[in-house]
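Following the hints, put chain B with the ligands in place on chain A, whose structure we already have.
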Amino acid sequence: MAEMRMRDALREAMREEMLRDPDIFLMGEDIGAYGGSYAVTKGLLEEFGEERVRDTPIAESGIVGAGIGAAMGGMHPMVEMMTINFSFLALDQIVNSAAKLHHMSNGQISVPLVIRMASGGGSQLAATHSHSLEGLYAHFPGLKVVCPSNPADAKGLLKRAFRDQNTVIFIEHTANYSVKGEVPDDPDFLVEFGQANILREGSDVTIVGYSGSVHQAMRAATMLQEQEDLSAEVIDLRTLRPLDMETVINSVKKTNRCVIVEDDWKFGGFAGELSAQVMEQAFDYLDAPVARVSCKDVPLPYNRNLEFAALPSEEDVVEAVLAML
Amino acid sequence: MKSPTTAGAKPEQELGAEQLGMFLYQMMLMRRFEEKAGEMYTRGKVRGFLHLYTGQEACAVGAINALEEQDKVVTHYRDHGHALARGVDPNRIMAELFGRQDGVSGGRGGSMHLYDVEKGFLGGYAIVTAHLPLAVGLGLASQMKKQNAVIMCVFGDGSVGEGEFHEALNLSVLWKTPVVFFCENNLYGMGVPFHESLSTEIPKLAAAYNMPAVSVDGMDVLAVHRATRIAVDHCRAGNGPYFVEAMTYRYRGHSMADPELYRLKDEIEQYRKRDAIEKLKAYMAERGDLDEAKLAELGERVEHVVEQAVDFAEQSPNPPISTLMDHLYKETAGG
Ligand SMILES: Cc1ncc(C[n+]2csc(CCOP(=O)(O)OP(=O)(O)O)c2C)c(N)n1
Ligand SMILES: [Mg+2]
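Sequence lines, in order, name chains A and B.
The numbers in our numbering rise by one with no breaks, and the one at position 115 of the first sequence is 115.
So the number in our numbering is just where the residue sits in the second sequence, counting from 1, plus 1000.
This is chain B alone, in the form it adopts within the complex:
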């Protein structure tokens, strides 16, 4: 499915029913996909580390739909939502979680390392902050090759304590690379509240490097979308990088292995009351763009796509042992 792009539209311009419907569909798909992934983990079909995106859907949908086809996305290991928003095939994402041959990474990456180069989805990165310098380099390549591509670089609040965060922001401003630094601040890096691991506020860090920075409500897909469209336009016009902090919340544990000793159930309930999907539904209903029938239809579509993804993953074979040593080096003409 092609993601709807709003590129070219004025950031303040209101979105039409069709685009809102697509946003809602994508957010519902992510929610259902993650529920299913969690279930598959519990049933032992998915192993390793599994980080669910539940609660943060407005971030990926708002930000990634601000991109054009030639643009690129790199993100951290909580990457299923970003891949789905970029139009990566849900069947192949689920197959990757299952470790199967038809997974987007051929079963070599797993949940944390999804890649679909054709879609401009250049990866989930599981070393916190490692992909920020990569985004600067991708931006540099776009600039040097005059490709006019913007790099959407997604990371969590936990990234800001790493040296590479500062190295990347500084370099990006110095070289004016077209990178949107998109920080999903879900208040925790594993179990540590971000204000206990940072002595200031996140946008101030970007401002310190002379990078324009905003903070938006990450539980509001339209607010995220508006802010990231401004950011993407800024980058595409050759003005250098732009920083967006989206304040959000994850409903599930850090990973499936998290006993969640560091927060109260009540806090989760408070955020659920501000749920981004419910918010968009209410907005659409108010505009007359959503009724019971349409909602039911969306629900069925999502259910169908997720069921199909599980079937696809189940049926995909394990990669043959004979391929173990494949792709260690890329063939080079003459050696």
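One chain only, chain A, in its complex shape:
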């Protein structure tokens, strides 16, 4: 065990996996000499050389496509998209090639590829640079979608991603990069996909989050305990596809209330999917309609006050819980 930030845990995961498997290599915009936009790949070029840590042109579709091709050819590449905002330029490759080739080729082709991208608002980067779209990628059958909230999970999940035979969309909330935590140093430490984590046990309400919103959920739980004497159970989904609904449903059966927190827009967001599944699977246990605490349906503005007003906060979560009692 060692204490480290999430960005360092991610780098450790890549380092260890590259040492384990010679087929793994990294490519992306400014991941080499620059060290990565968020310093996640810092030092890897020096350690592994230009063949395995490749700086690419600014050509998202081209480099994701090349990653898919290399995966089809027997390698296990990681392509860094710099941020999720730029991954739209590669959306066709992700959706039409990576997600579908295994199925369309009747199982002949597989695309073992990890696509990492930073996501999330809250840094005053304005509307084009502040998306939280984990749920968008989770929409496509054939993809796996991973979104850790803390350093240990980040390491275990990223290592697990490199052992998968499918394309894994690995989304890192920028607010989490500097979060510190204890991280196992066992090179075989993996976190399985499709296993939600109960971060805090409680009996009055279930609060579900993923990626960045886990932290609002946790702070809200503390506030509820301290100010209202309410006991909230907090669940971190960790992966959206595969999705561990069982843990959520079991919790809702116990607490009879459910609040979902996410940074994505409410309209058509992933919380809608979660809430429908809770309704389908635990309707009789609910004492109140499922509540969604999401981003307001507006492009995120630059101005700090406006941006904060749009994003979900722990106060919003507390309010949603109190409204359902």
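One thing to keep in mind: the hints can contain errors.
[Unchecked claim] If you want a taste of the chain A side facing chain B, the calculated C-beta under 7 Å gives, among others: (1) A59; (2) A66; (3) I68; (4) A70; (5) M75; (6) D92; (7) N96; (8) S97; (9) M104; (10) G107; (11) G142; (12) A152; (13) D164; (14) G202.
[Claimed, not checked] In silico DSSO-like pairs for lysine-lysine, Cα to Cα no more than 30 Å straight-line: (15) K1045/B <-> K1265/B; (16) K1119/B <-> K1036/B; (17) K42/A <-> K1176/B; (18) K42/A <-> K1146/B; (19) K1119/B <-> K1045/B; (20) K1145/B <-> K42/A.
[Claimed, not checked] Computed from the model, here is a short list of chain B residues facing chain A with C-beta under 10 Å: (21) V1104; (22) G1139; (23) Q1147; (24) H1166; (25) L1295; (26) A1296; (27) Y1329.
Source of the hints: derived by calculation from the structure; they are not laboratory data.
Each residue gets a CB set at the ideal place from its N, CA and C atoms; glycine is no exception.
Quick look at chain B with the ligands alone, frame taken from chain A:
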């Protein structure tokens, strides 16, 4: 049937009677196969989009026969000819057009998405240009794994307006990946003449990225073969990618749904006069490599193979509904 490879031979070296005979056979097979596929579409046996290759046979036969066994092919959705040239079983191609269980893609892909990994045929791609970056990645894998495989990447003239075309060419040159970019310029992207959708000439685009590029007569199988052998040798020697434009023509509509309002019948007739199959026949006859009897025999063989393919497709069952969710994810040890 194993495709005849001329790999290793000097590009300028003349082909022997046996190789020419194989080329002719493959071109005749494609022509007949496509006629039959069109007929099956009209009879409702084949559905969806069906893009026939008729007229362009010299391209696939010339280019794909320049490859060795370890090499790989990716192509666009007009892919039956390339699959046949690569030695993919005609029975299983026809079964795929029928959407049947024994189709090369198990009935999940259809005409536009044929895959036969064992033959190094890695697919028909129906999103225009999407497979060009894939070819660069396949080339990169070959390079990193020291497999010495060359990637033949086939696409139409319509690809050159897409951003991915430029991204792929640039990346391929930067990383010296062994990819032959083989552009079948049949003068139209659906109904738009290529000179109306491109402000320059196609080989100049490759040249702009410092990639060697040639333009050849795509109605002449020997010219295509010669050019692609040079290209393949160049790639295999580790010199990076190579671009070949083959000027060709499709006799049929863009797909079976095309009413062909954008061109005159006369234009098609002009190209038919330069038909690649007739040209090869004349060349072989002149050399004394083809007589009436041999031609008749080839015709019968082709007829037999195509009839058999239809029978095979007819008899193959539909994939069971219980397999609907198969192959969504590849199993991973431990989850
Ligand atoms: C990205 C994308 N845009 C549009 C289409 C629709 N489309 C299918 S084929 C085609 C024309 C392509 O022409 P070309 O590349 O010259 O190939 P050809 O059909 O002539 O062999 C178009 C526009 C598509 N499949 N993919
Ligand atoms: Mg065309």
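Do the hints match the structure? See the list:
Among the interface hints, the one on A59/A holds; its C-beta lies about 4 Å from the nearest C-beta in chain B, closer than the 7 Å criterion. Contact between A66/A and chain B, as hinted, is supported at the beta carbon level, the nearest pair being about 4 Å apart and thus within 7 Å. The beta carbon of I68/A comes within 6 Å of a beta carbon in chain B, closer than 7 Å, and the hint placing it at the interface holds. Taking 7 Å as the C-beta cut-off, the interface hint given for A70/A holds, the closest approach to chain B being about 4 Å.
Given the 7 Å rule on beta carbons, the hint for M75/A holds: about 5 Å separates it from the nearest Cβ of chain B. The restraint placing D92/A at the interface with chain B holds, with a minimum CB-CB distance near 6 Å, inside the 7 Å limit. Checking N96/A against chain B by beta carbon gives a least distance of about 5 Å; that is within 7 Å, so the hint holds. Using the Cβ-Cβ criterion of 7 Å, the hint placing S97/A at the interface with chain B is satisfied: the shortest such distance is roughly 6 Å.
Taking 7 Å as the C-beta contact cut-off toward chain B, the hint placing M104/A at the interface holds, the least distance being around 5 Å. A cut of 7 Å between beta carbons decides the hint on G107/A: the least distance to chain B is about 4 Å, and the hint holds. Interface restraint check: G142/A against chain B, minimum CB-CB distance 6 Å, threshold 7 Å, status holds. A hinted interface residue such as A152/A counts as satisfied when its beta carbon comes closer than 7 Å to some beta carbon of chain B; here the least separation is about 18 Å, so the hint is violated.
Annotation: interface hint on D164/A holds; nearest CB of chain B at approximately 5 Å, less than 7 Å. With a cut of 7 Å, the hint placing G202/A at the interface with chain B is violated, because the nearest CB-to-CB distance is about 28 Å. Among the hinted pairs, K1045/B with K1265/B is consistent with the structure: their alpha-carbon atoms are about 28 Å apart, no more than 30 Å. Between the alpha carbons of K1119/B and K1036/B the distance comes to roughly 24 Å, so the proposed pair stays at or under 30 Å and holds.
At most 30 Å may separate the alpha-carbon atoms for a hinted pair to count; K42/A and K1176/B meet this at roughly 26 Å. Annotation: proposed proximity of K42/A to K1146/B holds, straight-line Cα distance about 28 Å (limit 30 Å). Distance hint between K1119/B and K1045/B is fulfilled; the C-alpha atoms sit about 26 Å from each other, no more than 30 Å. For the hint pairing K1145/B with K42/A, the CA-to-CA distance comes to about 26 Å; that is within 30 Å, so the pair holds.
Given hint, V1104/B at the interface with chain A, holds; its Cβ is 8 Å from that chain's nearest Cβ, closer than 10 Å. With a cut of 10 Å, the hint placing G1139/B at the interface with chain A holds, because the nearest CB-to-CB distance is about 7 Å. Interface hint status for Q1147/B: upheld, as the beta-carbon distance to the closest one in chain A is roughly 8 Å, under 10 Å. With a least beta-carbon distance of about 8 Å to chain A, the hint placing H1166/B at the interface is held under the 10 Å criterion.
This hint is violated: L1295/B has a C-beta 37 Å from the nearest C-beta of chain A, more than the 10 Å allowed. Checking A1296/B against chain A by beta carbon gives a least distance of about 38 Å; that is not within 10 Å, so the hint is violated. Hint on Y1329/B holds. Least Cβ distance to chain A is approximately 5 Å, under the 10 Å limit.
The structure is inconsistent with the numbered hints 12, 14, 25, 26, although it conforms to all the rest.
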